[in-house]
Amino acid sequence: MPEPDRAVLGRRAEIVKALRRIVPGEGVIDHERELRAFESDGLTAYRQPPMVAVLPETTAQVVEVMRYCAANKVKVVPRGAGTSLSGGALPLADGVLLAMGKFNKILDVDVANRCVVAQPGVTNLGITHAVQGLGLYYAPDPSSQIACTIGGNVAENSGGVHCLKYGLTTNNVIGIEMVTIEGEIVRLGGKHFDAAGYDLLGVMVGSEGMLGVVTEVTVRILPKPPGARALLIGFSTVEGAGDCVADVIGGGIIPGGMEIMDRPAVAAAEAFVHAGYPLDCEALLIVELDGCEAEVDHLTAEVETIAERHGATSCRTSQSEAERLLFWAGRKAAFPAVGRISPDYYCMDGTIPRREIGRVLQQMKQMEARFGLRVANVFHAGDGNLHPLILYDANKPGELDRAEEFGSEILRLCVRVGGVLTGEHGVGIEKRDLMDTMFNEIDLNQQQRLKCAFDSDSLLNPGKVFPQLCRCAELGRMHVHAGKVAFPDLPRF
Amino acid sequence: MSLLEPSDAKQIAEMVSWVVAEGDTLEIVAGGTKRALGRPMKTDHVLDVSRLAGVVEYEAAELVLTAQPGEPLALINAELAKKRQILAFEPPDWRALLGAEGEQTLGGVIACNLAGSRRVRAGSARDYILGFSAVNGFGEIWKAGGKVVKNVTGYDMCKLQAGAYGTLSALTEVTIKVMPKPETACTVVLHGLADEVAIPVLANALNSPFEVSGAAHLPATAARRSKVSVVAAGLGAATVMRLEGPRPSVVYRTTALESLVGRGARLNEAETEAFWSEVGAVQPFLAQGSRIVWRLCPTPSQAPSVVHSILSALQSAEFYFDWGGGLIWLSLDSEEAGPDAGAGIVRPVVKTAGGHATLVVAPEAIRASVPVFEPLSAGLAQLTARVKSGFDPRGVLNPGRMQEGP
Chain A
1 MPEPDRAVLG
11 RRAEIVKALR
21 RIVPGEGVID
31 HERELRAFES
41 DGLTAYRQPP
51 MVAVLPETTA
61 QVVEVMRYCA
71 ANKVKVVPRG
81 AGTSLSGGAL
91 PLADGVLLAM
101 GKFNKILDVD
111 VANRCVVAQP
121 GVTNLGITHA
131 VQGLGLYYAP
141 DPSSQIACTI
151 GGNVAENSGG
161 VHCLKYGLTT
171 NNVIGIEMVT
181 IEGEIVRLGG
191 KHFDAAGYDL
201 LGVMVGSEGM
211 LGVVTEVTVR
221 ILPKPPGARA
231 LLIGFSTVEG
241 AGDCVADVIG
251 GGIIPGGMEI
261 MDRPAVAAAE
271 AFVHAGYPLD
281 CEALLIVELD
291 GCEAEVDHLT
301 AEVETIAERH
311 GATSCRTSQS
321 EAERLLFWAG
331 RKAAFPAVGR
341 ISPDYYCMDG
351 TIPRREIGRV
361 LQQMKQMEAR
371 FGLRVANVFH
381 AGDGNLHPLI
391 LYDANKPGEL
401 DRAEEFGSEI
411 LRLCVRVGGV
421 LTGEHGVGIE
431 KRDLMDTMFN
441 EIDLNQQQRL
451 KCAFDSDSLL
461 NPGKVFPQLC
471 RCAELGRMHV
481 HAGKVAFPDL
491 PRF
Chain B
1 MSLLEPSDAK
11 QIAEMVSWVV
21 AEGDTLEIVA
31 GGTKRALGRP
41 MKTDHVLDVS
51 RLAGVVEYEA
61 AELVLTAQPG
71 EPLALINAEL
81 AKKRQILAFE
91 PPDWRALLGA
101 EGEQTLGGVI
111 ACNLAGSRRV
121 RAGSARDYIL
131 GFSAVNGFGE
141 IWKAGGKVVK
151 NVTGYDMCKL
161 QAGAYGTLSA
171 LTEVTIKVMP
181 KPETACTVVL
191 HGLADEVAIP
201 VLANALNSPF
211 EVSGAAHLPA
221 TAARRSKVSV
231 VAAGLGAATV
241 MRLEGPRPSV
251 VYRTTALESL
261 VGRGARLNEA
271 ETEAFWSEVG
281 AVQPFLAQGS
291 RIVWRLCPTP
301 SQAPSVVHSI
311 LSALQSAEFY
321 FDWGGGLIWL
331 SLDSEEAGPD
341 AGAGIVRPVV
351 KTAGGHATLV
361 VAPEAIRASV
371 PVFEPLSAGL
381 AQLTARVKSG
391 FDPRGVLNPG
401 RMQEGP
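So the protein sequences, as listed, match chains A and B.
Under the numbering used here, the first residue of the first sequence is numbered 1, with each subsequent residue one higher.
Under the numbering used here, the first residue of the second sequence is numbered 1, with each subsequent residue one higher.
No lab work stands behind these hints, which were simulated from the structure alone.
Don't take each hint at face value.
[Claimed, not checked] A few chain A residues that face chain B, going by a derived Cβ cut-off under 10 Å, partial list only:
| # | residue |
| --- | --- |
| 1 | A112 |
| 2 | G197 |
| 3 | D199 |
| 4 | C315 |
| 5 | K431 |
| 6 | N440 |
| 7 | V465 |
| 8 | L469 |
[Stated by the list, open to error] Heads up, simulated BS3-like pairs for lysine-lysine below, C-alpha to C-alpha not over 27 Å straight-line:
| # | chain 1 | residue 1 | chain 2 | residue 2 |
| --- | --- | --- | --- | --- |
| 9 | B | K177 | A | K224 |
| 10 | B | K181 | A | K224 |
| 11 | A | K73 | A | K102 |
| 12 | B | K82 | B | K181 |
| 13 | B | K82 | B | K177 |
| 14 | A | K105 | A | K224 |
Yeah, the Cβ is synthetic: ideal placement off N, Cα and C, and Gly gets one too.
Take these sequences, add in the hints, and give me the full structure.
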């Protein structure tokens, strides 16, 4: 992280006092012991208590905090529930942690306009709970959905197992209210479709808390599919499972969910949950088909036929809602299940073109030998999003470093085969230094100039996403070459 | 003024650098079918990217297609049809509406972020761009996003590029997500509903679990102009809902939807295709003569009151609804609309209803004096100007296309 600013640290008492004037009572936390609660997010390998934590309750307070911080050049790190897996909410030693947890109300359920307006601290599942009595739900379902907040989902553009069919956060958020670092309230989108001007809403979603603080979110809600059925299909190779997935999609079927688990992940999940997973396969494919009964029946038969054609070693279709949930229980508990067989694990999040799955897993096997660490794989198969879980023991000297190195190598491999560093967890602090494997300096400078348009002093969540801190004045400079540039080989009329 | 016709990204970068050095400006075109959309521009040069054409890569099973911006949409659609896939956002054909000829291109559709009736279910062009490379106003070739369907690495520049009307960068290559073509489609038509009855019916249909993928309402005047006889012969308004998917599913859902909203007429697959392309194209429903055309995006439930307010002030107003009321196509007699194209009446009404209005068809002089796109609030305008400056500080690319100024 950037070196803490000693001058700011020296003014800590004064800063705390000023913040207390804005957010009275218990809304400002400066006691060292209490600040420990905020020292990390879901990426627990990194820990840093903030200089001070502020828990505002109103947008007006957020405005005042931002104005104060901008005027006094104090850094701000926004935080929702702190479930980020990439260190997006990791505090700064010389920064204010702006915890939005008290913004926890649903403001409006508007069925006629198919949307819900919520404060950013409402949990992802809280939105569905508010509308499920009406047969509606909010589609993106990151696995942390019990805890993670909609504001955090906006910051990270969170996905989930259903996003191949129903989209990521960005496809399901239609409006936000945000506060800029200067303390301006800006509304982007709303209950209507599209918006005039640039799609700044689209830019805010997935901006990892670096462009503004979200104070209100309007999301699209959808009718809940009337039925769903899950298939458990075993394969003797992961490639076989991958080919089956390609044929399902190539055959025109977009399942509600489609997951692959490799042998180690299946074994761990089965031992934990007893979902009835076949233990004699190298890869287990879970396909969920949702919709009306006629559609589910029809597609189930089609997927069964495709699976058979690809030499599935077993194929079971859920016969009841309880069984469907049981099939998923194993997958959903894959991370904690792996946690039972290894003291620690490190979860990666690259995306690859699906056709490369065989090659990538093969090379990962070789890396296992080289790094002396094992990997269990779960895989959002429909969209090629890999979650290799690297097993290690933090108590053994050097293992964490090796795990991190192993993870970096996996992500480099993802990029090399035409994929990307992160499918849904975000760059944060974790993958920051790998950004140059995907982007060159010009690409990164262009991204940073966008940051400058929102936050010219780099006060919002600095140190995340980009390998280097932003120098706005320098980046904005235009070098016009003296004399006229010629391009003699071009036709001109 | 010169016409620049680059054949690759490097040449575009050189040309932009040259234009910057000269202190000149550029209009970016390919097929040129949307030149009349937006504010008219007077630039020193025209950058025609038509030669950057071709499908670079198409992996049907990965749902990914990469093409150059000048690739005609018709060719992309033909390529996709071979694998029974489509652009799910259903880019509409506005050539007749805008009085344009020529080929629509991928770059144009993305630059203008267009979407058809499936918007209510599938989203817009912006929801399908996975990655791109482009030349910014510094004359640099840069890229963002990727070639896979799930990616959150870095800021989502794809959203920004969509709908920027070429004012931030000139695209040189685009990767989009494609989707399977629904096996079949059917449309349910209810006749004779008043606007304020029809819009709640559409909302009800969209909230039902029957996966409605098109929700439009045509008052009698518009319905009568349809070439699809079932719609036109209803002697009154037509409220229309589309269902798409596997055959057994569509059969079931059609009956189920009818039991929810009432039984009407049905359009078969061919009629469904013909009808919804009319809805996307707008022009088939317009009155003859000199018309001003507005595209209104209000909060959907407010749609009937929006048209009611406008009608009380402008007698020549004709309109129809798409997107369950979230889109209103409004046409006005030019004379009655006056020199501001009716903006003084239309804009406040839509704004009150929570939404925005775009002036799509009007003479050039009017589009130069009346803001084509909804004017931005002061704070948003400043932010927008800073964003533009981060991509194109000299205002070289499509200056003034979206709003007055560089």
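Verification of the supplied hints:
Nearest Cβ of chain B to the Cβ of A112 (chain A): about 4 Å, under the 10 Å cut. The hint holds. Proximity of G197 (chain A) to chain B holds as hinted, the smallest CB-CB distance being about 5 Å (cut-off 10 Å). Proximity of D199 (chain A) to chain B holds as hinted, the smallest CB-CB distance being about 4 Å (cut-off 10 Å). A distance limit of 10 Å between C-beta atoms decides the matter here; for C315 (chain A) the minimum to chain B is near 20 Å, and the interface restraint is violated.
The closest approach between the C-beta of K431 (chain A) and any C-beta of chain B is roughly 8 Å, which is under the 10 Å cut-off, so the hint is satisfied. The criterion of a C-beta within 10 Å of any C-beta in chain B is met by N440 (chain A), whose closest approach is roughly 8 Å, and the hint holds. Interface restraint check: V465 (chain A) against chain B, minimum CB-CB distance 7 Å, threshold 10 Å, status holds. A hinted interface residue such as L469 (chain A) counts as satisfied when its beta carbon comes closer than 10 Å to some beta carbon of chain B; here the least separation is about 16 Å, so the hint is violated.
Distance hint between K177 (chain B) and K224 (chain A) is fulfilled; the C-alpha atoms sit about 24 Å from each other, no more than 27 Å. The suggested pairing of K181 (chain B) with K224 (chain A) holds, with an alpha-carbon distance near 23 Å, which does not exceed 27 Å. About 25 Å separates the Cα atoms of K73 (chain A) and K102 (chain A), which keeps this hinted pair within 27 Å; it holds. A distance of roughly 11 Å separates the Cα atoms of K82 (chain B) and K181 (chain B); the hinted pair therefore holds under the 27 Å criterion.
Pair hint K82 (chain B) plus K177 (chain B) holds up; C-alpha atoms about 16 Å apart against a cutoff of 27 Å. Pair hint K105 (chain A) plus K224 (chain A) holds up; C-alpha atoms about 23 Å apart against a cutoff of 27 Å.
This entry does not satisfy hints 4, 8, going by the numbered hints stated previously.
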